[in-house]
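Full structure from sequences and hints, please.
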Amino acid sequence: MHDKVSNNVQQNLSTAKDEAATALISESSKRSGHKIVRPTLRIVLMLLCLIGFVLSVLPWGRAIARSALLLPALVAASQPAPLIANGETVVHKQMTVPSRSGTVYLDVYEPDAPIPLITSARSGVLIIPGAGDNRRVPQLINFSEALARTGLVVMDMLTPTLINYDLSAQDSDAVVQAFQKLAHLPGMEGRRIGIISFSAGVPLACFGSADVRIRDQVAYVAVFGGYFNTQSVLRAFGRRAIDIDGKTEHWQPTAVPILVLTNVITKAFSPDERLRIWKSLAPGGTPLTHTQIAQLSPGAQAAYQLLTGSAPDKVDANIAALPSTIQAELSKLSPSRVITQIRAPIFLLHDRNDSSLPVTESRDFAAALTRLHHQHDYVEFHIFDHVQVKSDLQLNQELTDGTRLFTILSELLFTVS
Amino acid sequence: MLQLSLVWLLIGALIGLLTDVAQLRPATWMRLGWLLMMSIGAIAALCGGWLGIWFLGKFFATAMALWIAIAGVVVLPRGIRKRSQ
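Protein chains in written order, with my numbering: chain A, 4 to 420; chain B, -17 to 67.
A hint or two may mislead.
[Stated by the list, open to error] Ranges of calculated distance between the beta carbons of each label pair, as one might list FRET restraints:
hint, chain 1, residue 1, chain 2, residue 2, range
1, B, Leu(-1), A, Ala88, 15 to 25 angstroms
2, B, Leu(-12), A, Arg355, 45 to 55 angstroms
3, B, Trp36, A, Thr257, 14 to 24 angstroms
4, B, Val57, A, Pro189, 32 to 42 angstroms
5, A, Thr406, B, Met(-17), 30 to 40 angstroms
6, A, Trp63, B, Gly61, 24 to 34 angstroms
7, A, His95, B, Met(-17), 19 to 29 angstroms
8, A, Leu188, B, Arg13, 49 to 59 angstroms
9, B, Gly61, A, Thr99, 25 to 35 angstroms
10, B, Phe37, A, Arg407, 27 to 37 angstroms
11, A, Arg374, B, Val57, 45 to 55 angstroms
12, A, Pro189, B, Gly15, 45 to 55 angstroms
13, B, Arg13, A, Pro141, 52 to 62 angstroms
14, A, Leu53, B, Gly61, 14 to 24 angstroms
Derived by calculation from the structure, the hints in this document are not laboratory data.
All C-beta atoms, glycine included, are put in the ideal place defined by N, C-alpha and C.
Printed below as a string of structure tokens:
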């Protein structure tokens, strides 16, 4: 009986000990859990506070914030939900301004909100999209709207010359007029404005930003898929080859740049010769026969051979055989002519496998800027078809080129943030 | 804007709650202190968001709401406690 009671007491004691030990262990594990959770949360809060502060208050932080939401819009060619939800509501307006080369058509995408008190939070971008009427091109609209959602006033400009797939150095006045119009829009006084140009818009951006009327106000010049020297472009077209990375590569241009170049280098010929060359080079056109080529003037024969790439060994001789007015026009249309007069930093972007304008042009441009010690940056991509994002991209391509695009976008936007 | 304001309120309340869990609440605030922290966070975020719109535009307003909410829930309770002492 006595033993039984003592056993019970002992059992109760050991249970109580176990419970106390369990409670102690759980308390200590709770404490150690708190020890981890508390400092972790404090660090998280501190980081969040720092990130929020940097992204809104510091200019380079604002540039990063803009680039971070612009990048998916560019790579996916559609605006991501966070940009739409967090960005400004965009208003689209159309207007025109007169210039020496005719009416300039302007499409303005701007935030539909009062102008913020901090000047650098709202700046402007003038976009020169290239040859043809690109106003309804979805990727251009997407790009313009995405920029406007980040608080920028975006103006896309187009000239009658560009609409007709042609180039004229006189259009530099159109750039100046458009730039000044943008600078005088309500709320834009004293704000920084950059120029972004694509393809055939590149020479115009360079000429405009070298113009004494605006060159000190241009915040930056971004040139995407452009060219540096018209003669070297013509040489690449004539050879159907480019010299790159120490070797010669076959290079086949697409129809649009051939059309633009045809319009540029056939201006001095008779209307009949122009029409014959133009018809033979148009999509679906029939190439001229040897007899038909022989009937052309020597200059027109040279132009035809350059445009078709039918005499790759005679390229230099053919360029020399072009009429002197065309030679002068080619020199006038080269951004290399005005490079020393541009004050703004230049950002060069080009796809490595561009089949509209050879990548070697942007490489030459970058090399010339390096020689001049002009502030610039140059990035090559693999995700673009000339200046539009390809649709069937692999993740590693998106990541590699996305990082490059993010870096150059941040640099570019930092100049106006 | 109403939608965005609600988002800021939510962000602020969440930050208030996190601050409470991180034991950044004044020790004297025992009963319903967590609710007070959430309220301070929400109000600070809302004010930060609208200040962001005013100074920088809508695009940067959420980032502004975020850091002002955190700064608010850390600084304001201490200020209130000091005044009440």
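(request) Note whether the CB distance of Trp63 of chain A and Gly61 of chain B lies within 24 to 34 angstroms or breaks it. (result) Distance hint for Trp63 of chain A, Gly61 of chain B holds at roughly 31 angstroms.
(request) Can you let me know if the beta-carbon spacing of His95 of chain A and Met(-17) of chain B is within 19 to 29 angstroms? (result) Holds, since His95 of chain A and Met(-17) of chain B (Cβ atoms, about 20 angstroms apart) stay within the stated range.
(request) Note whether the CB distance of Thr406 of chain A and Met(-17) of chain B lies within 30 to 40 angstroms or breaks it. (result) Holds - the Cβ-Cβ distance for Thr406 of chain A and Met(-17) of chain B, about 34 angstroms, lies within 30 to 40 angstroms.
(message) Against the range 14 to 24 angstroms, how does the distance between the Cβ atoms of Leu53 of chain A and Gly61 of chain B compare: consistent or not?
(response) holds (21 angstroms)
(message) 52 to 62 angstroms was suggested as the range; check whether the CB atoms of Arg13 of chain B and Pro141 of chain A agree with it.
(response) Given a distance of about 58 angstroms, which is inside 52 to 62 angstroms, the answer is holds.
(message) Can you tell me whether the CB distance of Phe37 of chain B to Arg407 of chain A sits inside 27 to 37 angstroms?
(response) Given a distance of about 32 angstroms, which is inside 27 to 37 angstroms, the answer is holds.
(request) Just tell me: holds or violated, for the beta carbon distance of Val57 of chain B and Pro189 of chain A against 32 to 42 angstroms? (result) At roughly 38 angstroms between Cβ atoms, Pro189 of chain A and Val57 of chain B fall inside 32 to 42 angstroms, so the hint holds.
(message) Taking 25 to 35 angstroms as the stated bounds, is the beta-carbon spacing between Gly61 of chain B and Thr99 of chain A within them?
(response) violated (57 angstroms)
(request) Note whether the CB distance of Trp36 of chain B and Thr257 of chain A lies within 14 to 24 angstroms or breaks it. (result) Between Trp36 of chain B and Thr257 of chain A, where Cβ atoms are some 49 angstroms apart, the hint is violated.
(message) I want to verify a distance hint. Is the separation of the beta carbons of Leu(-12) of chain B and Arg355 of chain A within 45 to 55 angstroms?
(response) Once the Cβ atoms are compared, 46 angstroms apart, the range 45 to 55 angstroms for Arg355 of chain A and Leu(-12) of chain B holds.
(request) Return holds or violated for the Cβ distance of Pro189 of chain A and Gly15 of chain B against the range 45 to 55 angstroms. (result) 49 angstroms Cβ-Cβ, so the 45 to 55 angstroms window holds.
(message) Please check whether Arg374 of chain A and Val57 of chain B have a Cβ separation lying inside 45 to 55 angstroms.
(response) holds (54 angstroms)
The structure fails to meet hints 3 and 9 from the earlier list, while all remaining hints are met.
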